[in-house]
Amino acid sequence: MSLHNYTIKQVEQMLQNEEISATELAELSLDQIKAVDGDVQAFLQVSEEIALEKAAKIDETKAYDKKLSAIPAGIKDNIAMNGLNLTCASKMLENFDPLYDATVIQKLSTEDALFMGKLNMDEFAMGSSTESSAFKKTRNPWNLNHVPGGSSGGSAAAVAAGEVMFSLGTDTGGSIRQPAAFCGIVGMKPTYGLVSRFGAVAMAPSLDQIGPMTRTVEDNARVLEVIAGHDKNDMTSSKEQVPAYAENLTSELKGLKIAVPKQFLGEGVSEEVKESVENALKMYELLGATVEEVNLPHLAYADAVYYIIANAEVSSSLARFDGVRFGHRSEKATDMIDMFKKSRTEGFGEEAKRRILTGSTILSGRDNFNEAYFRKAQKVRTLIANDFKAAFEHYDVIVGPTAPTAAFEFDSVVKDPLTMYMSDMLTVPVNLAGLPAISVPSGYTEEGLPLGLQIIGKHFDEQTIYRVAYAYEQATNHHKKRPNLGGAEA
Amino acid sequence: MANITKEDILRTADLVRLELTDEEAAMYSEQITEIITFTEKINEINTDGVKPTTNGNATTNVLRKDEPVVWENREKALENAPELEERQIKVPSIMD
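So the sequence lines, in the order shown, correspond to chains A and B. Residue 381 in my numbering sits at position 381 of the first sequence, with consecutive numbering throughout. Residue 86 in my numbering sits at position 86 of the second sequence, with consecutive numbering throughout.
Derived by calculation from the structure, the hints in this document are not laboratory data. Computed from a predicted model, the values in this text were never measured in an experiment. Glycine residues also receive a C-beta, built at the ideal position from the N, C-alpha and C atoms. Be aware that a few hints might be false.
Covered stretches of chain A, as calculated for chain B (at least 3 residues, CB under 8 Å) [to be verified]:
#1 92-101
#2 110-122
#3 474-483
Going by beta-carbon spacing under 10 Å, a handful of chain B positions derived as facing chain A [said to hold, decoys possible]:
#4 ILE9
#5 LEU18
#6 GLU24
#7 ALA26
#8 ILE32
#9 ILE36
#10 PHE38
#11 ILE42
#12 VAL50
#13 GLY56
#14 VAL70
#15 TRP71
#16 LYS76
#17 PRO82
#18 ARG87
#19 SER93
So that you can see chain B by itself, here it is in the shape it has in the complex:
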């Protein structure tokens, strides 16, 4: 049976860039333990020699020519950015 502790949740949250309160971490620990334990019934099935299904259909390696396309809406696209300076997207400092 899976046991996803509060500490596990906090560690994962850090990796996926989420901040959790202590209460939230406790709640998710309980719920995610329950969800993952529920999924463990698949262990009843023997899957030796079974190929995994990794996509919605069998199409693979769909190739196209690598040609540049002009995006005419550049200014509008920049407007979606939270902060701009001289037509460049501005973010907080990366280094001290």
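Okay, chain A solo, but in the shape it has when bound:
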């Protein structure tokens, strides 16, 4: 049996019929990690002991009635888990034990998920290929010469490779959706404030959200249901009621209105990507939805706005790493200032430094940069949000590609930061507006690399996004294809 071929609901059924045990599920996950992670390199730490202990406990009482009973999960390594190092894939935090569980971990734990380990990512979640990890390069399970996307590259690859049944990622400008698209899985970036960020290491706090990454839409809905909800430890956490997304899931689309911004199918978007979106739109019309092109004029500025705001916030978020109370401390330092400098210089990688320097330049008082760039960008951010608001007065969802291309090869983009940043151009507008959006598999390139369809919804309307994603998923076979990796047989 392979975890690849089952949904959470099916596993739940099997557990309740005693056709499988929690321990067997943990072992299936561990076996697959042993079989394929040498190639895929998704894991930074495998928490075999924690998983087996928890599984044994679940089997003892045979209480298989929790929402995620014995479901093997992987966690992006910028989310705190007591007793496991929280590295953010950075030398700065190589040996850091956070000593507490993030709120999302507590919630998963309450529903009896099995934690299989911590997953690789771009350093401090900054990147679109997972190549900026200080520790290893995660490979795309569909083609090991290609990147898995980023920054939640390990989280996407581990699900695609059948090592876990779901993972958590974080998304600041596309870091859940873009790797989900590159690895042929489902990734949801929830409405800002729906999921508590307590215990997630901040990159750009006005944009960051945690979200689920799964093989199917239904699994995704179930995991979000568990991790969403108000948390007094996160001041930006919403008090909105969390619906039973999975239970309410339907594929009824009659009367649904879909908007397609023309900016989403313009310059820089590959022909194969455009074709897959156009096919999806035709499918939606067949399913009873109407599709219309709209103009969101400020979308064309979202990438510029994002790189100003995100970098400014990053430079501030990373100021806390100084080598004093935790994290890397240089052994070469002679005095205090020297210790700050050497610790940060040794601890941060190239991309982190680039963003700290960019953000600090933008925030500086010289030539009125602060006002001319940062303040101006915050105003354009308002205009981008207003564009979406206006569209949502007439439409239920906005649809387009997740990424402008399929997964690229290693080292092909990383040398050119601006081109790397462009791979986020279709995902960043959503973060700026605080909206929810999903990426669902929408086909494959000629080379066999997966593509993703992005569905954007109104604030706190994840339910409609899931419905639209589910209808498409059920009408196509894209989600049934598996990468050819070896490991467990179907």
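Given the structure of chain A, go ahead and fit chain B onto it with the hints provided.
Just chain B now, with coordinates in the frame of chain A:
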């Protein structure tokens, strides 16, 4: 068009406590000039009278009672410090 010189980068690096080699400073100067110049397209937009968006949602002034909470893991937390002496975090000298 922005022009972030090598000297600008070195000055900023000093402020954000990073050490750069000459080569790195030159590389960042070129790349950051390119990145910031790219963002200048936002100047095409008239933003007169537009309110800036400063956060991810509209929640403001979330207050809570200022009550002390006992952190039971104090010893473990200290273990995260790079250098300890008598349960205090030790750092290099601040003054000569």
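Status of each hint after checking the structure:
1. 92-101: holds (count 4)
2. 110-122: violated (count 0)
3. 474-483: It is violated: at least three residues are needed, and the segment 474-483 of chain A offers just 0 whose Cβ sits closer than 8 Å to chain B.
4. ILE9: For ILE9/B, the interface hint holds, since the closest Cβ of chain A sits about 6 Å away, which is under 10 Å.
5. LEU18: This interface hint holds because 5 Å falls under the 10 Å limit.
6. GLU24: Check passed: Cβ of GLU24/B comes within 8 Å of chain A, closer than 10 Å.
7. ALA26: Result: violated, 13 Å to nearest chain A Cβ.
8. ILE32: 5 Å, holds
9. ILE36: Holds: closest Cβ of chain A sits about 7 Å from ILE36/B, inside 10 Å.
10. PHE38: It holds, given that the least Cβ distance between PHE38/B and chain A is near 6 Å, below 10 Å.
11. ILE42: 5 Å, holds
12. VAL50: Result: holds, 4 Å to nearest chain A Cβ.
13. GLY56: 4 Å, holds
14. VAL70: Interface hint status for VAL70/B: violated (14 Å vs cutoff 10 Å).
15. TRP71: 9 Å, holds
16. LYS76: 5 Å, holds
17. PRO82: 4 Å, holds
18. ARG87: 13 Å, violated
19. SER93: This hint holds: SER93/B lies near chain A, its Cβ roughly 6 Å from the closest one there, short of 10 Å.
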